[in-house]
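All chains should be modelled from the sequences, with the hints used to inform the complete structure.
Residue strings, one per chain:
Number of protein chains: 4
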Amino acid sequence: MLYFVNDYSEGAHPKVLEHIFETNMESLGAYGDDKYSKSAKEKIKAVCGRDDAEVVFLTGGTQSNQVVIDSFLKPYEGVIAAKTGHISLHEAGAIEYTGHKVIELDGDNGKLKACAVEKWLSDFYLDENHEHMTPAGLVYISHPTEYGTLYSKEELTSLSKVCRENGLVLYMDGARLGYGLMSPDSDITLTDVADLCDVFYIGGTKVGALCGEAIVFTHGNKPRHFLTIVKQHGALVAKGRIIGVQFDALFTDNLYFSIAKNAVEQAEKLRNVFKEKGYTFFIQNRTNQIFIVLENNKMEELKKLVAFSFWEKYDETHTVVRFATSWATTDEKVNELIEIL
Amino acid sequence: MLYFVNDYSEGAHPKVLEHIFETNMESLGAYGDDKYSKSAKEKIKAVCGRDDAEVVFLTGGTQSNQVVIDSFLKPYEGVIAAKTGHISLHEAGAIEYTGHKVIELDGDNGKLKACAVEKWLSDFYLDENHEHMTPAGLVYISHPTEYGTLYSKEELTSLSKVCRENGLVLYMDGARLGYGLMSPDSDITLTDVADLCDVFYIGGTKVGALCGEAIVFTHGNKPRHFLTIVKQHGALVAKGRIIGVQFDALFTDNLYFSIAKNAVEQAEKLRNVFKEKGYTFFIQNRTNQIFIVLENNKMEELKKLVAFSFWEKYDETHTVVRFATSWATTDEKVNELIEIL
Amino acid sequence: MLYFVNDYSEGAHPKVLEHIFETNMESLGAYGDDKYSKSAKEKIKAVCGRDDAEVVFLTGGTQSNQVVIDSFLKPYEGVIAAKTGHISLHEAGAIEYTGHKVIELDGDNGKLKACAVEKWLSDFYLDENHEHMTPAGLVYISHPTEYGTLYSKEELTSLSKVCRENGLVLYMDGARLGYGLMSPDSDITLTDVADLCDVFYIGGTKVGALCGEAIVFTHGNKPRHFLTIVKQHGALVAKGRIIGVQFDALFTDNLYFSIAKNAVEQAEKLRNVFKEKGYTFFIQNRTNQIFIVLENNKMEELKKLVAFSFWEKYDETHTVVRFATSWATTDEKVNELIEIL
Amino acid sequence: MLYFVNDYSEGAHPKVLEHIFETNMESLGAYGDDKYSKSAKEKIKAVCGRDDAEVVFLTGGTQSNQVVIDSFLKPYEGVIAAKTGHISLHEAGAIEYTGHKVIELDGDNGKLKACAVEKWLSDFYLDENHEHMTPAGLVYISHPTEYGTLYSKEELTSLSKVCRENGLVLYMDGARLGYGLMSPDSDITLTDVADLCDVFYIGGTKVGALCGEAIVFTHGNKPRHFLTIVKQHGALVAKGRIIGVQFDALFTDNLYFSIAKNAVEQAEKLRNVFKEKGYTFFIQNRTNQIFIVLENNKMEELKKLVAFSFWEKYDETHTVVRFATSWATTDEKVNELIEIL
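Protein chains in written order, with the working numbering: chain A, 650 to 990; chain B, 650 to 990; chain C, 650 to 990; chain D, 650 to 990.
Any copy, or any two copies together, can satisfy a pair, since identical chains are not distinguished.
In the EDC-like style, the derived pairs of lysine to aspartate or glutamate whose C-alpha atoms are separated by at most 20 Å in a straight line are:
#, residue 1, residue 2
1, LYS694, ASP844
2, LYS762, GLU804
3, LYS982, GLU914
4, LYS962, ASP772
Simulated from the structure, these hints should not be mistaken for laboratory data.
Written out as structure tokens, the structure is:
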């Protein structure tokens, strides 16, 4: 069956696997203290253009969000996020589990706007009872968002400015960062991300790795005793090498970006066909996810031939579905799907 | 200065204080194991009309909300509340601190509607990824709400029905319960509350006590080891008698209801004057709180003579303010304020 | 029945109650922002001899321990305490509930020795894996201890030194502080406590108040946003005055110390009789608690005439029991007990 | 350099890696819903001899301990463990982070004895104040222990009996389970473990996998909504296949047991040489860890040729060190070390 359900349905990119294979029997230090992890960190710092950055590898996205947000917030602080943000909706309350409120603001196609943050701050401090309320300590954004949309450089700069003026940490969930940076719509580079955010992660799980995310503290701001914090959250991997080795491969010869580009290009091909055929787009975006409104009968029919994912109910007779491409999506698969459409 | 800031600016009703005084030197059991606490519990059970009810006294409202909600929810469950609910906004994240998400739904003048809960449930279970989301375990309402509005018996019955059909606990925050039950608009009695809710508290702090709330588990559903849970939350008072004695007085000769009635009647007098004088009401209600939209200059002028409380900014030139009456509000004070108006 | 069960079986000292009574109908600011709370704070600062101290009132002991310890520790830090410490054993895991490990060290008759803390620190940092372990951030002691024993000035100075040299906060649980300071064995004054500890609380619940403890941050070190933290823990009392007013009375005309002295003197009388009669003391101390080893039959007999408390099983035929005096213990009661013995 | 530091210094066993390789490009369901995870679960159930067992894969040991313990305990319950247990000492307070006390009992060479648990229970319920204390809900043991020692079948049966009689969950941390089961000293089989424990995990990270532990709920007792709980703890891996595939290989043709046997046999060879050469053993055991007391000068000298790990200071002039073998330890390496000794 054709598989467009998500961008984590295959294993690792062959070159990533190969690097695991070739380093497998070396005896290495544990908990990330190995030469491949170190090499990967240096490569990531270089591509971010920041000598003062610090990189830590964790296993998955929700885990990274939980550990990073909890490590930056004071225990009584909350995190501002869009209502549609991954931490707001789809992480089973992992942030609240660590004691912090997710302060959910209305977004704009998945994006959190600087003006929304500003308004919240202004309302908060206007309230004479704000000492009885949860102050914000960090702003969470995802890029691309859960809807595959992108922040423009201007939007990200505005958010960064609001955060810096108000003492808020700006954190970017980059689970699909590669697919965002390679979009034809993107006017942001990785160095922009590193300059404008205080901390972000470069997603590996969805972009060519078996598992693993690279958290980047952009300016010497890694929380003290971070290893202890990671351990306390149950997130420390004994064989830290397995993530280090993968990122070492991903950041060799631009692999991360070139495989991300493939996903975006395959999505563009599909998007054009959907457009030509007159399908209704639920949302406009040019990353690796395509959101289509399907008539329910049509959806059931299509389901027999292609695996895609349910997004949400649109109305009584229509449903929003998602087709995702990835680093692993081949021309053949895309052509087959085009045929079917 | 005239004081209409809130309903907790004086100490205790004289009869409550007298009971503390007359029992003061008796040597009594600790942690609520004393005859006055027992007597108060029996009186409350009687007035609730439920033999199978269990009563526990805690010190304050946020504490009661935190302990009750945390004790009913499984660790991965959240609590549904109106966006304007006290736990959503004004308890400094006390619920999230115990690990639980507050699932905030749009309300209707402070009230959570049964249909909103139903829609949320239906959307939740329709989502194929709901195992990655926070399921609800309890519904929180306040009565009167933070806006002084009241649930009708029909509305409360609908909420109760939705909760029971879906295995959700229905919990009522009754910080100002007396002021609600004594409203001319109320068609709900305390026995209705006890029948329709699974757990609620009868507020003492705002209705005649120095401190203390009476949590009522309505049908033998007090969580096991509740004393241990209370202790674990730092909420167990060594001299439990101090709350028991107060509620013993409050539920003797209908004191709780008669002093609550005073507050509501004084508010009605004021409300009528505001109406006559053409003031703009921010919200319609007939409990002990009056919300008025004041022109900012007018507000500054009034501030010199009367203490009231800021509620929220209305627009550039107007502000919403609150005048609260209480069990302690006298005819003289009200007449003085009427004079000023 | 004669009541020597504990030191919290009566209400408040008459002068404390009187002050509640005389201030009862004044309209005052909420949440501790009232003139009596302010006055009490100034009196406490004066008696501590520290202008830079800050005082906050909370309701009970476990609550104070939980809020203070959690507010000082970083989320990954633990608190060092004696194995027999109140937070180690008798607070239902209230500290762990806030995420922190209680690092339990062997004590000496209830006391934590400086050398034990030093040894733990040295072992900890010697361990190459200490980043995988819980570092300590605070040292908890109680004075008097749970066994009624006292730190000498020398012992407290040593502990203070170890803490300051190692960046640890020294916190004293003073639930019975008055009974300690008034002991004939004490060579410590309240100003010593304020000089040597970073934070401590002066217990009200067990020394003449209905409820309430006065937390003293000794040198301008109250954690930022402490009111928000208190609210988040469910520990903020709306009518903060009720604790402020009580401490205002307790720290007028030395009341706190003179009523504490009564308890200690009554205990001395009893202790002498126990000694004369040849009873076995479980532990030597000269505060308001007396620990006696009773033969089980004797215990059962005595129980019919006097209420005292079970402490622990001594052996198959003996039990350790506790007789406690308090501010409320009268000559008559003590003489009656002496008669019985 | 010769590497005997630990049992997680190499990658995965070649057959494990091969299985990752050969399944890599298959499009599979996420979050453990894939055919290899299912196959691995069936194989594990078979080897455990229990049809009613349920298997869940997590990434690491601390994570497994945290998620399992937290999912079984009620929020106010604690876990009993030996003082030397991994969760007591070396998991950075991960259990306390989830709100639970670790009740640390003295062990016997790393083992928790049934009689120690019984005594604690009896003391606890004898204490009249036990409602103010933390009740136990689960007993944690590791097998082999942190000292490489093993429970006999009799000891495990006794522990199981005490737990079942007292409503406690018995949980075994099997980080090195293979090395225990293959010890010549072991009289326990995997089916014994599955019969006597309520839940345990089969460690993969230290026995041939890149990462991953297989949690076995032995009798249909997997907590409800476990996937949500795992997600809430940040422990859900998107590509669940990566652990499933590895365990599928490990439980094919007895691979798990045969590679564990290698480690134990290599350790036996080393142990014999240490014995012959008159080295002092810190502890007697026959699993894959050897604990030796070395004179400090000798240790420094040896360090230049072999990597081993610091265990603890023995006295001023001696240190306890650990030599660990693993599935990856070859005859050559062992012979080289023997040469050096």
